[in-house]
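Chain by chain, the residues:
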Amino acid sequence: MWSTPRWLLVVALAGLECACAATGVVPGAGDISSETVVASVNGEPIVVAELLIGASHERAGVIADFSARHGARVDDRFWTTRFGGERPIDILKRRALELAVKRKLEQLLMKDHAVLQDPSYHAYLARLAGENARRSEALRTGQPIYGPEQYGEREYLEYLMSNGVIALKEQLPGLAGSELELRHEYEAVKTSMFDRGRQIRVEVAQREYPAGARDHDQAKQAARAAMAAVAARVRRGDTLAAAVQHVAGVVLTETAFGDAPDRAIAVGPRDVVRQAARSLGLYAYSDVLDSGQSLVVVHCIAVESLGYLSFEDTRRYLQHRHIERAFEARVQDLIERAAVKLDRRVYERVAVK
Amino acid sequence: MKRSLILATSALCMSLPTLASATTYYISSHGSDNNNGTSPSTPLATLHVVNSLVYSPGDTILLERGSVWQGILVPCAAAQCSGTAAAPIKIDAYGDLTAPLPRIDGAGSARATVSLVNQSYWEIRNLEVTNHGPGGFHYGGIEAICDSTSAAKRICHHIYIGHNYVHDINGVASYADNGIWVTWNVHNSFFNGQRWVSNSNYWDDIVIEWNTLRDVSHHGIFASDNNPILTSIVDRICPTTGFDCMTQKPNTTGLRIRNNTLINIGGDGIQFGNTDGAVAEYNVLGDWGLNGAGPPAAGIWSYAAHNTVIQHNEVYGAHGGGDREAFDIDFANISTYIQFNYSHNNYGGMLLFEEPHSSDPAATQNYIDDAIVRFNLSLNDGANTAVVNVWNGHWQAGLNPIDFANNSIYQSATNYASGGPNITDIFGITGTRNDPTCQSSLITGTAWIYNNIFVVQGTAVYPRFDPSTGLGANVFHAPGGTSCTPIPGGQVPNVDAGAITQNPMFVAFPAAPATPNDFRLKSTSPVLGNGIYTPYIGGVDYWGNTVPPNVGPNRGAYNGPGL
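Sequence lines, in order, name chains G and L. If you're matching positions, the first sequence starts at 287 in this note's numbering and goes up one per residue. If you're matching positions, the second sequence starts at 59 in this note's numbering and goes up one per residue.
A hint or two may mislead.
To be verified - Chain G regions said to be covered by chain L (calculated; three or more residues, Cβ under 8 Å):
id : stretch
1  : 517 to 530
2  : 605 to 613
Said to hold, decoys possible - The calculated label-pair distances, taken between Cβ atoms and stated as ranges, are:
id : chain 1 : residue 1 : chain 2 : residue 2 : range
3  : G       : 501       : L       : 82        : 46 to 52 Å
4  : G       : 541       : L       : 144       : 51 to 57 Å
5  : G       : 589       : L       : 494       : 56 to 62 Å
6  : G       : 589       : L       : 528       : 30 to 36 Å
7  : L       : 156       : G       : 323       : 55 to 61 Å
8  : G       : 496       : L       : 526       : 54 to 60 Å
9  : G       : 619       : L       : 568       : 48 to 54 Å
10 : G       : 627       : L       : 539       : 35 to 41 Å
11 : G       : 467       : L       : 192       : 20 to 26 Å
12 : G       : 430       : L       : 144       : 41 to 47 Å
13 : L       : 144       : G       : 535       : 41 to 47 Å
14 : L       : 609       : G       : 473       : 28 to 34 Å
15 : G       : 400       : L       : 156       : 35 to 41 Å
16 : G       : 435       : L       : 572       : 22 to 28 Å
Unchecked claim - Derived coverage of chain G by chain L (criterion: at least 3 residues anywhere in the stretch with Cβ under 8 Å from a Cβ of chain L; other residues may be distant):
id : stretch
17 : 445 to 452
18 : 563 to 574
The hints are simulated quantities; they were obtained by calculation from the structure and are not laboratory data. Ideal Cβ placement from N, Cα and C applies to all residues, glycine included.
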């Protein structure tokens, strides 16, 4: 758990102190515009537009929080109503600032590593204008464009930031884990992440019926009667193998399944058996199941662990994960140590809802 | 309060019966349900009333920009009304163009914030949609379902979902949690034990374009059949039911997914299946596959689809987890063309080629046939295993093997996910690294691999290829050395007689490519005009330069003059 940066506590206080003014001025009105500086991080300005983009990111989460904790619903009064001593508008604004600070620090990091020349929002807007001009020209001349006709401020920033972060992960020294670190991480997570699961061996008693048969069709009723007879013999103590010997048309097969998660959950004859196998305990029997083409009884006869994926097989995943986490930790450290100066006058008057 | 609302709603329903002529309804969160709703000055107020009205062909439902609602939009939920081809029913925005889009926050109150069930000829534009709930449940953004609970199959026509902003869909990592979901239910035919496609419901004409999606827990855009559980997908219905995907065509047609922007997606970016003639193009997908513990995921992919084109997409930044390739040619695809795409920094690679497991007794019913992967760019894909992953180490059993041609693949020395010296497998067997001693790592089956440029600023390790795989005029350049390169003298059973190992001289050289244009070739390039022409490489390159017939093209994705 990260400790709360000191500057964030100050912002929280600001939110409480200025409760009556939090929904005041819409950007563009009076002396506040989208390019008005609302804060600075390590000397680099954050403008109102960046705060608003942060708010658009956090808005749904704040609504969900207040909805879950207080049963609040969004209406005209929602943002300025106090729920449990808190106003959604203050929380939203604080989270928006938090996100804007994080992004600005990432941009400063990009500047330090020549991924980004100028972290100012003004420079970003110029870049956005250039990109949109390029798109307009492409459309005018019949050239393809990827994504939107015109990027909005928020969308293009997302695009640039996500690519910039990738570049940082490539270039920042010290993010990769050592052999020893990776081995430690492997041991720490192998149970939860690299368990190959179990192999479950089952025997399956099966009586087929014609494809498309309905429940009241004679062929399906005959199959149901046969499988009921098998189930009854098993209940009386017969093994499944012995039971099928006494019921015409029922065949016994043996098969095995892993229980690692599937790419997708399919539902078909084989999958009915597989799903039953996964849910049965050792030596347990299923009820009579309808696979769509046959009626089956499944008996679990063996369960064995398949162990874990090896360290070598997971090394790249671990390294990738290590780098991503190390990067997040680096940014979090920057947040902790950031010198954030807030222009309360502007901050309090910006409407972010 | 509730009572008066119900009364107001009832009165409105009586005063606004289904109209023969088209009506435009205006909705504003500052309106009143006592208004008639038929002019901007007398807008309705609540989604509840909007949902209770019955709409006629040509009707338009306009939501005011700047308005916000918490709830769900399910127009004609009971009546399931439809438009017509000439007069679709439209949902759109009105009001001050500088104001934000009208926003509907589902807040986890339903599986989808905007939902149409069995409604044809609808168009949904310019909405902002969220569904951020307490978590642990299935949440989606916009959905259109073609369902039937009777034995009769249903055919749904024309759904247009465009210019919407869908975000903060925080469901779980499952196939029911999608930003935009157009689906058709196959359960009737399936559970009757009958063949699947011939009796299933299906759509005709689905357009999903110009939408922006971010922060979605699983699929960004999903267009596919589903099964009754709604948490599953009949992904492998071919092997499991015995249905022969090779001889019967999927029914859903006219699917076009284009110019969408998707960022921060938990699982797959764009997935579709059981379609004929689908096109996914000009989409941008970034920062995806975020939920590493969720199901395996791919960027843009299809399964059991015929005549699919995936082109001009940018897919980047897949995070660690199962699969995580930019593109995937999955089970039972026939005629899949993946071309002119730019992928970079995807953890799982550029491409997954997923034939059914060779031990699958029904493998011959769902194999891949006629796949072409051409003129694509790949930069630093494949942190996990290989850039091109061949499922189970087998190309395919179809009559028309894959053509993997004129692709430019570059692995820089700073591919962060390797965390050290860049040792890259360009081709590999899914889930394993190639054997640098060239003894194992055999990929069997047939593929045609030609005119590609493979550059690894590090060490490249290749698998062994089956003798039935054809290699020609590829560039294998790896200053750090190569293992098992299929060139004359290489240690593999088949060779690429026309291969070279020289630097292909991308225009960015000596820098690494950082953008698509950097993959063009210098005039000093040794690969200009000495590739192999086949009709399977088509007529244009990544940049739209002509690839004339019967003339040796450049190697790689650029066929213009040297620069």
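* To do: Provide an ascending list of the numbers of those earlier hints which the structure does not satisfy.
  => 1, 5, 6, 7, 8, 9, 10, 11, 12, 13, 14, 18
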